[in-house]
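Everything in the sequence shown is counted per this note's numbering, starting at 1 for the first residue and increasing by one.
If you're looking for bench data, these hints aren't it; they were derived computationally from the structure.
Keep in mind the model is a prediction, meaning the values are calculated, not measured.
One should not assume that every hint holds.
With a cut-off of at most 30 Å between alpha-carbon atoms, the simulated DSSO-like pairs for lysine-lysine come out as follows [claimed, not checked]: (1) K96 <-> K34; (2) K55 <-> K93; (3) K34 <-> K103; (4) K115 <-> K93; (5) K103 <-> K59; (6) K34 <-> K93; (7) K28 <-> K103; (8) K93 <-> K103; (9) K55 <-> K96; (10) K103 <-> K115; (11) K59 <-> K93; (12) K115 <-> K28; (13) K96 <-> K28.
Here are the in silico distance ranges between beta carbons for each label pair [said to hold, decoys possible]: (14) S85 <-> E118: 23 to 31 Å; (15) R54 <-> S104: 21 to 29 Å; (16) R7 <-> F31: 18 to 26 Å; (17) N21 <-> E118: 19 to 27 Å; (18) G4 <-> R63: 16 to 24 Å.
Don't be surprised by glycine CBs; every beta carbon is placed ideally from N, CA and C.
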Amino acid sequence: MDVGQLRVYQQALDACRQIENIAQQLPKDLFDVKRQIFRSSRAIAPIIAEGFGRKRSQKEFHRFVIEAMSSSDETITHLRIIARSRFNTISIKQLKEAAETFKSISRQLNTLSSKVRENI
């Protein structure tokens, strides 16, 4: 099996486009948040891939799944920060849709974590 066959991996790759669209609209006043949300959202798929490459050790794979989930949760927090910022120019609907995407990713990673943990 290839990591590209994991649905959560594919969704994490696709979700990067959502963040790119949001970040493109951010004003200069939110440059630091833009940089952080790019970093956290773009980290998820590579972390999953690295963990998948080490899946012979379920303990190692589990650690990477947890790390990917942390990056997804961090991305959700950055979306909330943007929504509450007085400099925000992006529709709340668009931010909520992106947050729902990352919540779905986090849920899938949580499920994967539980399955991997059973094999440790």
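Now for the hints, and whether the structure bears them out:
Between K96 and K34 the alpha-carbon distance is near 17 Å, which keeps this suggested pair within the 30 Å criterion. Taking the CA atoms of K55 and K93, the gap is near 38 Å; set against the 30 Å cutoff, the hint is violated. Distance restraint check for K34 and K103: the Cα-Cα separation of roughly 19 Å lies within the 30 Å cut-off, and the hinted pair is therefore satisfied. Taking the CA atoms of K115 and K93, the gap is about 33 Å. The hint is violated against a cut of 30 Å.
Straight-line distance between C-alpha atoms of K103 and K59 comes to about 24 Å, which keeps the hinted pair within the 30 Å bound. A distance of roughly 18 Å separates the Cα atoms of K34 and K93; the hinted pair therefore holds under the 30 Å criterion. With a CA separation close to 27 Å, the supplied pair K28 and K103 stays within the 30 Å bound. Our distance criterion of 30 Å between C-alpha atoms is met by K93 and K103, whose separation comes to about 15 Å.
Of the pairs offered as hints, the one joining K55 and K96 is violated, with about 33 Å between alpha carbons and a cut-off of 30 Å exceeded. Proposed proximity of K103 and K115 is supported: the alpha carbons are some 19 Å apart, at most 30 Å. A distance of roughly 38 Å separates the Cα atoms of K59 and K93; the hinted pair therefore is violated under the 30 Å criterion. Taken as a hint, the K115 and K28 pair is broken in the structure, with Cα atoms around 42 Å apart against an allowance of 30 Å.
Between K96 and K28 the alpha-carbon distance is near 21 Å, which keeps this suggested pair within the 30 Å criterion. Evaluation of the 23 to 31 Å hint for S85 and E118 yields a failure: the beta carbon distance comes to about 41 Å. The hinted window of 21 to 29 Å between R54 and S104 holds, with their beta carbons roughly 25 Å apart. For R7 paired with F31, a C-beta distance near 33 Å fails the hint of 18 to 26 Å.
Here the CB-CB span from N21 to E118 is close to 37 Å, at odds with the stated 19 to 27 Å. One distance hint, 16 to 24 Å for the beta-carbon pair G4 and R63, holds here, with the actual separation near 21 Å.
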